[in-house]
Every structure is written in C-alpha cells, then in structure tokens.
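**Q** Next come the chains, spelled out residue by residue.
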Amino acid sequence: MSKRSNLSTLSERAAPTIVIIAVLLAWELLVRWRGIAPIYLPPPSSIVVYLFRMLRDGSLEFNLGVTLLRIFAGFSIAAIAGVTLGVLMGMSRLVARIVDPWIAALYPLPKIALIPLLVIWLGTGELYKIAISAVTAFFPIVISTYAGIRQTDRGLVKAARDLGANRQQIQLKVVIPAAVPSIFAGLHLGMGVTVILVVAAEMIGSSSQSGMGFLLIQSGQVMETEKAFASLVVLAIVGALIIKLQQWIDRKVAPWTAHRDGH
Amino acid sequence: MEVLVENVTQVWPGRKGESIIALDNVSHRFASRRFSCLLGPSGCGKSTLVQIIGGLEPATVGRVRVLDPAQPHVPRATGFDSVMVWQNLNLFPWRSVLDNVAFGLEMQGLPKKQRYDRAKALIGSVGLAGFEAHLPGQLSGGMRQRVALARALIMERPIMLMDEPFAALDAQTKIVMQEELLRVFDQTQKTIIFVTHAIEEAILLGDQIVVMTARPGRIKEVLTVDLPRPRSLEMVNSKAFGALFDRAFHLIREEVMTSMAQQTVPLGAS
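So the sequence lines, in the order shown, correspond to chains P and Y. Here the first sequence is numbered in the numbering used here, starting from 1 and rising by one per residue. Here the second sequence is numbered in the numbering used here, starting from 264 and rising by one per residue.
Because the hints were derived from the structure by calculation, they are not lab data. Built from N, CA and C at the ideal position, the CB exists for glycine as well. It cannot be assumed that every hint is accurate.
What the hints assert, rightly or not - Just the calculated beta-carbon pair ranges, DEER-fashion:
id : chain 1 : residue 1 : chain 2 : residue 2 : range
1  : P       : Glu61     : Y       : Gly404    : 52 to 60 Å
2  : Y       : Gly393    : P       : Ala236    : 43 to 51 Å
3  : Y       : Glu442    : P       : Gly155    : 21 to 29 Å
Bound conformation, chain P alone:
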C-alpha cells in the first residue's frame, strides 16, 4: 500500500516535468517535419541558441536589468504611498471620507488609458514608465491596506483594551499587525500589475531604447521571432521568480498567516 502510494506520488511529481518535455519535443518535431519558417514559429532549440547569443552580447542582461530597475522603482513608490494612505484611511474616518470618492472614480479606469497624457506631461523617458506602473500598482495596494485595517477583528481590539492598551497602542500593536496579511495581498497584486505596465510602457513610445518590452517590440519589427520568444521565456521566468520571492518574504515577515486556518 505504502509502496504503491510512494510510486504514485513519485509519478505525480514527475508528471509536470514529463509533460513540459513532451510539449517541447512535439513542438521541435512539428516545426522540423512540417518545415515551418522560423519567422512564424521557431523551434525551441533555436530559441535556446538565441537566448545564449543574447546573454553573450550582453543585451539580455542590460535590458532585463533596466526593466527590473523600473519595476522596482514603480513598485516601491506605489507600495510606500499605497500602504501609507491605506493606513491613514483606516485610522481616520475623515481621511477615508475624503479619499474614497477619488479611489472609487479612478480605480476602475484602465491605467493604460493614461499613457497618452503621461507621455505629453513626462515625455517617453524613465519618469513616464515609472509613473504609469506606480499609478497602476498604487490602487490595489491602497485598497487592500484600507480593507485590512478596517476588517480588524473587533475581539482583538477589545482584548487589547482590556489588557490596558490605549488608543495609540491599539493602532500600532493590534490594528496594523492584524492588517499585514491583507497588505501583503495588495502588494502581490501591485507587483503583478507593475510588471505588466512597465513592459507595456517600454513597448509604447518609440524613443524608448531599452528594456524587455523594447526588446520584444524590436524583435517583432525586424521579424526576429526567436528573439521575441527568448524574451518571453525570460519574462516568464523572472515573473515566476518574483512571485516566489514575495511568497518567501511573506513567510519570513508574517509566518502566522500560514497558521491562520488552524484557529
């Protein structure tokens, strides 16, 4: 029985890898047998070759680095502003009342629609790319933070009051820590849209000469399909790594959220 379950877990674990390899193999064979032109669909092997070529001439490292810097800058601004405003809204009814209609009006707006205005105001340089990603990431962060602060368990607040905490101590020692899981949820959402908006912003505005988005649009324009695929692969891997990193930080900073269901 245990042997069988061991075997089945082993095959369960191996299954995703086997499927990935099978798909890549089928792709490679299909392209070669049917003689599909690499402009339409390059085989995986030549994508790998391109990946190494881009690594050797440094274009991958440079453009990836630039994109990551923009993501980091946009996300940091959004995180600091979003968490700060969310906490203020949660703690002061006046602030919440004033800010609420602005968020309600601006949140549903597709932020990509702001690109023309931002290009007029800021040009197509760094500022515009950081601004568009920060503005987009700001909303989910501020909304989650505010919701987290407001949804604090009333029982915990009462218990703290009973144990002698004053208003300020309740805010700092109970309300804000209790909101951490939902603040993190907002940061996750914010990071997701930051990546999207930075890459999108790099693709728009032809004066932009760097970044993964630029690399993609440029390879599309000169029909270097291999390069476009290679850039996509890199973006997918980097995206997955960012998510893993965030999950790791969550576990380090807020380990209790993993035990939450046990209550």
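Given chain P's structure and the hints, the job is docking chain Y onto it.
**A** Only chain Y this time, still in chain P's reference frame:
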C-alpha cells in the same frame, strides 16, 4: 474585590428596527474572592453581562460598581480591577506565546527584560515552558487556552472574568483545564465570574451559581454550592453534587425550551 451589578438593562437595536432587551434589570452582588458562575441558555445575555462588568460594553441603564471590602467607601472605576478570558481566546496570532503573555506589561511600558521574566515564570506555571517562541496557531486548543489564562493572570488584577473559556475544548482537555483553573483559584483567591452553559462545570467550579432566564436575561435564582474546597473531579459522583445538578437542571430546562422557541425562524424568513 466585590462586584455590584445594579439594575443593569441592556438593549440592542434589532435588525428590523425593534429593540432587543438582552438584560432586564439585573442586580447582583458578586462576593469578594468567590467563584461565581453565570449559568443560562445561549442568548440570555450572560456574555453581555460580563462585558459590562469588565467595562468593555456600556450598559444602557444601570451601573456596575467594584468595591474593595476593606475600603467600601472608596469608589473605583470599572475595568481596571478586572481582566477577561474570552470565549474565542482573542490571542494575537502574530505574537509568540511569550509576547502574547507579556502584552499587558508591554502596554504598561515595562522594560523587556522585566516583562519577559515575569511572562516566562507564568508560562512555566501553566505548563507551557519551552513553547515561548511558538505562535498561537502552532499550539493545540488546550495550550492556547493556557496562553490566554497566563495573559490574563499576568495583569494581577483581583477580578477575573471568564466567558465560556472552555466551551470549544474537547471533553478531556476541558477536565484538565478545569483542574488548572481550580488550582489557580485556590492559590490566588481572585474574585472569579465564570460564564457557562454547562451545569456540571458550574457546580464543579463555583461557590455560587447565578441561574439566568432566557432573553430578556434576568436572574432566576441563585444557588449556593457548598462542596468543600479544594474541589476535585471525584465530587461529581457525590450525593450533594447530584442534588445540586437536579436542582439546576430543572431551573435551566424551562429556560432552554424558551430560548429554543425564540431561536426558531418562521418558514420563508431568512
């Protein structure tokens, strides 16, 4: 410390704009250094009453006074002499056992070393030594209960209010915690007001059982438990225990029926 509940009435706004009377003109004197149990059907306002006593809810009408029998003329503000152990514990899930227990001292501004020393001693005394760094979510129900008890005891307040603290525990853990609480009561001689809907628990723990009616909560009868202390679980089989149980059961039975009838929902209503 004795607790004087004077003509307390509590009214909640209902869903359809009506008024729900949770407590109706309740008056009682909880004697100093005695273990009193509030026994009643669910929804009879016993939790509300302990929260009013603890200064955590204002009473709609009436008041609660805390008196030191040695200085009966010195008025005291409610809330500062009592500490609550909650039904759902209300432990801070992000704080370790040590920081949960030390919470009250931290709020008082006690330096880290001092508050940790006292917290560690208490954690040891409730049998949790070695678990200081654990988070509440990593502990079993009985261990979390001990953390909640230690967090209340560290306040060294003369009155301990307990709102069905053992209701969520399994039968065996409950017995162990009841023994633990009896030990604490014998050692500290606090005034304890303990809310429960379990008759055996009320008899085993209390000196006095305040039986409450179904909503609107009133005091139906006050029973005196004259079993000797220290109490032990064997007393459950004694004749005196059986007689008290019958008495309390008959008092509470009627109220439970009324309470059940109140909680039925007409068909079609949601």
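**Q** Taking the hints in turn, state whether each one holds.
**A** Status of the hints after comparison with the structure:
no.: 1; hint: P/Glu61 to Y/Gly404: 52 to 60 Å; result: holds, 54 Å
no.: 2; hint: Y/Gly393 to P/Ala236: 43 to 51 Å; result: holds, 46 Å
no.: 3; hint: Y/Glu442 to P/Gly155: 21 to 29 Å; result: holds, 27 Å
Of the numbered hints given earlier, the model fails none.
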